[in-house]
Structures are given as C-alpha cells and as structure tokens.
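Novice: The task is to assemble the complex, starting from two chains supplied on their own in separate frames and drawing on the hints.
Which chain is which? The protein sequence lines are A and B, in order. Just so it is clear: in the first sequence, position 266 is 265 by numbering that gives the first Met the number 0, and no numbers are missing. Just so it is clear: in the second sequence, position 22 is 21 by numbering that gives the first Met the number 0, and no numbers are missing.
Simulated from the structure, these hints should not be mistaken for laboratory data.
Simulated DEER-style distance windows between Cβ atoms:
| no. | chain 1 | residue 1 | chain 2 | residue 2 | range |
| --- | --- | --- | --- | --- | --- |
| 1 | B | 65 | A | 209 | 57 to 63 Å |
| 2 | A | 221 | B | 37 | 19 to 25 Å |
| 3 | A | 112 | B | 149 | 57 to 63 Å |
| 4 | A | 224 | B | 149 | 24 to 30 Å |
Simulated pairs of lysine to any residue, SDA-like, Cα-Cα distance not exceeding 20 Å:
| no. | chain 1 | residue 1 | chain 2 | residue 2 |
| --- | --- | --- | --- | --- |
| 5 | B | 148 | A | 60 |
| 6 | B | 125 | A | 223 |
| 7 | B | 125 | A | 31 |
| 8 | B | 107 | B | 149 |
Quick caveat, the model's predicted, so the values are computed rather than measured. Ideal Cβ placement from N, Cα and C applies to all residues, glycine included.
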Amino acid sequence: MWSHRLVAGLLIPLSMAAPARAGEWRGGGKLLLATGVTTIEGAAGGGLATWALIAGNETRNGIGGSAHVTQVQLDDFGLTTFGAAIGAFDRIEVSYARQRFDTRAAGATLGLGRGFAFSQDIYGAKLRLVGDAVYDQDRILPQIAVGVQHKRGNRDGLVRALGAKSASGTDFYLAATKVLLDRSLVVDATVRMTKANQTGLLGFGGDRHGGYRAQFEGSAGMLVSRRLLLGAEYRTRPDNLGFAKEDDAFDLFAAWAVTRNVAVTAAYADLGSIATVSGQRGLYLSLQTSF
Amino acid sequence: MTFLLALAAATLPVPAGEQPVDPYVVDNANAGAVPVRGDALWQAFHGQAGVGRIVDSLVLLNTSDPRISDIFKGQDLVRLRRTLKEQFCYILGGGCDYTGRSMKDAHKDMGLQTADLAALIENLQKAMRDEGVPFGAQNRLLAKLAPMKRDAIER
Ligand code: HEM
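Extracted from the complex, chain B is given alone in its bound form (with noise of 0.2 Å):
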C-alpha cells in the first residue's frame, strides 16, 4: 500500500511554476493538525479570497523581516503559498486536501529555533489582522498551528 502511494506521489505532476521536490506520500496527515469542524471558522477567514490574501501577505512578511528572511532565500515561494493555502482551507474546515510534504519533512535540516517560529507568528498575526479576522478566530488558528513547534523547531 504504501509502496502504491509512494509511487503515485513519484509520479506527481509539478504545478506550474514550481521547483520539483523529492518524492513523499501525500496525506492529509501531512497538515500536523485535525480540522476544525463546521465551516464558522472558514467564515471569519473571509473563505479562499481571506485566506488567500492572508498566505500572500505572510509569505511577503516573512521574506522581508530581518529576523528571518535568510531563511526563504532561494526557496520555492511559489510552491510554499500554494501548500500553505491548502493547509490552512485544510485546518480551517474550508474542505480543501493538503498535497504538501508533513511539517517534519518540510523544515527538516533547516535548524529553526523557537526565535524564528514566533516571529513567524508574528507576521501572521498581522496578515490575519489586516483582512480583519476576528482576534478569537485568529487565536484558533494559532492554537492548530503552535503544536507543530515540535517538528519544525530543531533547536
């Protein structure tokens, strides 16, 4: 079986305009979090336009903060908003899979530290405030994500 889905995921297309990466088993899975339920949460996220505009706006933030825009240099940006949208539509209960790689596997080697994530969520937080989702709403969100420090942070 996973023989079967290793190789289904070997024979993935590349989307337009992104990078191929090494082959991986796609799985929902990979999101690092249970989706919320009912679709209130998608609504205060202004659905695919709001979270859209929100990815858009992080990864812009992220690339163009001192603390931690060494890290994106030379990555697939294009590749990043697309798996990011989708991972966030996935948490969200906006009905959307996650194609993209487990949180482990996608920061592994790059030695990020707790620093760099909160800054991270900095950014987010404003992306979040800008297209105005409420502060509870964005707490939620952050609640799925913070988990995930234990695979994204090596040190």
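Chain A on its own, in the form it takes in the complex (with noise of 0.2 Å):
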C-alpha cells in the first residue's frame, strides 16, 4: 500500500517537471535510407562519394550508429572493408573502417608475393554544419558537413620505395547532399583535399606531386521505391605517383533498404588503373546495419 503512494509521490513531481515529454531522447526516427549507406572509407554516403548525411538513424533527439562490410571483387586485386560508425543528435559521425587491399596472383607478377596486401585504418569525423537534406525541400541550400579522414597504411618502407612521401595521411572534405523528392533524386558533390594514393592504400604524396590536392567526388541518384535507390557516382584522385598511373572511378549502383535496419549495395564499379595493372573493373558488394 504505502510503497505504492511512496512511488505516485516520486513519479507525479517527475512527470509534472517534465511537460509533454520534454528531454525524451530516442532511437531511430530517419526515414528509410536518409543515413545513406557506407563508402570503403567508414562514412555515410554512397559507396566512393562521402555525403553530408550523418550516420545511423537517429534524430537530433537521439544516438545512433552502423556497421559495414563491403568487398569490391576487381578483375586482378581484391578490396575487403570493414568498420563502424556514430552518429550524435544527427549532428555528428564518427567513423573507423579498416581497408584489406589483396594484390592476389598480381601480386607476384609485381615482385611483391602471390596474396600480398596492403591495410590501413581510417579514423574519420563528420560535423554537419547546415541544412537539412530531406526536410528542406522549401530550400535550395543542401545538407553541407565538413569532415576528416586520418589514415595510416601497414606498409610504410614499401611505399616510400614506390615513391610515396609517407604511409600515413590524412583528407578533409566539404559535402553537400541535397534530396530532391518532387523528383526523386538524391544528389551530392564533395570536395576532398587530399594526398591520397589508392584511398592512402598507396601512401600519400609522391613523386610526381607532392602536396594537397582538390579533388571532386559526387554521386547522382534516383529513388524509385523507398527503399531502392539507383545510381552513378564519380570520383577523381591525384594520381601522384611516377611508377603507376592512378585514373578517376566511377560506379553504377544500386542500394536497398531491406528494412530499417539493413542495406544491401551492389555496384559495378571501375577504379581504372591500380599499381600499373590497368583496366580494374568488378562487383561491389556491401552490407549495412544500422539503428
């Protein structure tokens, strides 16, 4: 009897401190595919563009995050990511992603062993700045965020050898990515400053350059369900090294929302050139968790 008065007396000033829900805080509230899906560097965007979206599914009110698994098959290397990421009150991402870049039989053909491979970690942040891409549709200005990718690659003497300054870098970029739904397009355009090699997986800066560099990445996409999105993407790099040529890539993809928790992508995509092999083109696959 008097437990039950003793928990009305602590619960009513509680409730009555706190109108209409006020602090609440909550999981999820993003709309299906709002939070993006997740690029080989960690963070939420497409699969080589970095969006302006924040990860997870939250809200302001809330915290959320994702993990990922991605392999692109390319005709002679293989690239497998991994890694996870935050988001805070939709405002703030952190990332972290691991990169496994398999030279396989190539491998041996460039002097490095059958199945040699290059790694790096990818420490990454994102604060979104302005805008809101989904519920601004009154607006022209899109969702813009800064961010920073701190890398640092596993083969440091190899790729000093290959002309790099160093195994270690680190990108910064600006995103805008705007959704607009009376047309059922998604699009972003990023600005990367950057010293990358292969992402970093060929070190940073080299002989033919040096230091930071623009460059461009972007993505264009149409949503034809609410839970499929298909599109093309364009990514420009540096090409910084003497000994191989590094070409721009493109992808064509597709990305699913199974549910609210899972994404599924598959693109085709074309890296180009990759430490002198040429022509790299194959399958991306990758699987998403979010909450």
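Specialist: Below is the structure:
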C-alpha cells in the first residue's frame, strides 16, 4: 500500500516537471535511406563518395550508429572494408574502417609475392554544419558537412620505395547533399583535400606531386521506391606516383533498404589503373546494418 | 482588417460532430504550402475520393501506431480528418480552401519530435501506396509537407 504511494509520490513530481515528454531521448526516427550507406572509407555516403548525411538512424534527439562490410572484387585485385560509425544527434559522426587490399596473383607479377596485401585504418569525423537534406524541400540550400579522415597504412617502407612521401595522411572534405523529393532525386557533391594514392593504400604524396590537392567526388541517384536508390558516382584522384598511373573512378549502384536496419548495396565499379595493372573493374557488394 | 477577420473567425459555426476551437483567422496561407500548378497531381491522387480514403486511412494508422498513438488521444479526430482533407486538396491543386489553423498553432505545445514526423510520414506513405498513388506523385506531396517540420516540430 504505502509503497504504491511512495512510487506515485516520486513519479508525479517527475512527470509534472517534464511537460510533454520534454528531454526524452529516442533511438531511430530517420526515414529509410536518409542515413545513406557506407563508403569504402567508412563514412555515411554512397560507395565512393562521402555525403553530408550523418550515419545512424537517429534524429537530433538521439544517438545511432552503423556497421558495414564491403567487398570489391576487381579483375586482378580484391578490396575488403569493414567498420563502424556512430552518429550523435544527427549532427556528428565518428567512424572507423579497416581496408585490406589483396594483390592476389598480381602480387607475384608485381614482385611483392602472391596474395601480398596492403591495409590501412581510417579514423573519420564529420560535422553537419547547415541544412537538412530531407526536410528542407523549400530551400535550395543542401545539407552541408565538413569532415576529416585520418588514414594509417601498414606498408611504410614499401610505399616510400614506390615514391610516396608517407604511409599515413589526413584527408579533409566539404560535402553537400540534397534530396530533391519532388523529382525523387538524391544528389551529392564533395570536395576533398587529399594527398592519398589509391585512397591511401599506396601512401600519401608522391614523386610527381607531394602536397594537398582538391579532388571531386559526387553521386546522383533516383529513388525508385522508398527502399531502392539507383545511381552513379564519380571520383577524381590525384595521380601522384610516377611508377603507376591513377585514374578517376566511377560506379553504377543500387542501394536497397531491406529493412529499417539493413541495407545492401551492389555496384559495378571501374577504378581504372591500379599499381600498373590497368582496367580494374568489378563488382562491389556492401552490407550495412544501422540503428 | 485583421480585426474584422478575427471577428468573422470567432463567429464561424462549429461543423457537425466537431468541438469548438479558439478563434483564429481563416486563411489558405494556414495550409503552410503553395498549391502545385495544374490538376495532374490531383488526378494521380484520385481526386476527392482518393484523398478522402488516404486521410481516413492515415488517421487510423496514426491512432493505432504505438510510436505516436498517444499524441492523438482525446483529440478532435472529426475535425482533424476534415482539415487534413482540405489541406491536401488545397496543396494538390484540387481547388479546395483550407479553413484550419496554421501548422504552428495546430501543433503548439505538443512537444513533437522529428521521429514523430517520420512515423507520420511512413503512415502517409502506406496510405498513399494502398490508394495506388504512383511513387513520384507521393514524393511531390511529401516535398510540400516536409518543410512544415519547422512549424510542427518543437524539439
Ligand atoms: C508536416 C506534417 C503535418 C501536417 C501537414 C499536419 C497537419 C495537421 C492539420 C491540418 C491539423 C488540423 C488543424 C486544425 O485543427 O485547425 C493538425 C492537427 C493535429 N496534428 Fe498534425 N500535421 C503534421 C504533423 C503532425 C505530427 C508529426 C503529429 C504527431 C505525430 C501531428 C498530430 C496532430 C494532432 C494530435 C492534431 C490535433 C490538434 C488539435 O485538435 O488540437 N501532426 N495537423
């Protein structure tokens, strides 16, 4: 009896002090696909292009996150990425990804040994500055975010021998993303200041160019249903190394929100020439879970 | 002028089955969006009958959705259905006038969050799907409603 009253006595002042559910934190609340998928560098985006969207299903009232694994099967190489990201208040994103680039049989031809692999860890942070890609449909202003990606490769001696200045480096980017709902379109344009060779797997800087250079990456997609986004991406690269040409990359992708918490992305990717081996095309497959 | 309008609003009769609300100025601007041009979108929604079914189904989905049903408890759902039908008809180019309150006034002090709006949008998407509204047409209505987040959502 008295315990009931005690509980009521404790609860009533609390609930009265908090009108209309004030201060309530919640998980979830983003519309399907409004969280994006995960790039090969671990940030919320498309596959190649980092977007201004913040990872996770949360809104400004909560914290969310995502985890992903991606496999890119090229003609002569394989790239595997896995990682996780946390999104806080739809404002800040921190991410980690590990990339492993397997030279497979080509490793022997390149004199590295069959199955020789380059790896790097990518630590990312992103801050949404202004705009809401989904809700600001009466404004031209896109959602704009700035971010950094600090990358640490594991083959310092080798990438230096190939002409790179360092096995680690930091990219800085400015991303603008907009959903044009009345046309069912999603567009992104991102400028990245970078020294990275093959996203950093072949080190940073080179004998041809040493310093930071601005590169472009972008995506354009069409929402064909609330679960399915079909699109294309393009990414320019610095081409710093004398020994091996680096080409721009592009892909055609389908991102499918299977459920609120699972998205699968399949793409045909063309990464051009990698480490002297030209015409690297193949299938990109990514699985993401988000909450 | 405003005084005269306010006076007119105050003396508006209460439609059958509805509860009276505090006086306000009736104005199509209260709908919170400029109507689309032409009547193609109105046709895509199957006109008055289609919008009627969509709104009835939307209100039913909202009141039985555990994420947001509490917010609708004790509210005047007869009025809500009527004003929502007017609002959608006005925005979709159906030629109606909107006689309800502004989005800011209608949702004042409800403490609505972005996640509540996302839930409502998902329910609206289901109602539009069930009515057979093409996906592109659905998005054109959502594009009109999305910016109302700034007026309806407080936190
Ligand atoms: C941008 C999206 C929204 C639109 C276009 C919209 C539209 C409307 C309209 C036209 C009214 C009636 C106004 C009047 O009575 O004069 C209304 C009232 C109401 N809305 Fe919304 N609404 C939106 C978002 C929401 C959300 C997210 C919720 C909660 C989940 C909500 C809950 C209510 C409730 C409970 C009422 C009744 C208020 C009352 O009778 O005092 N609305 N809304």
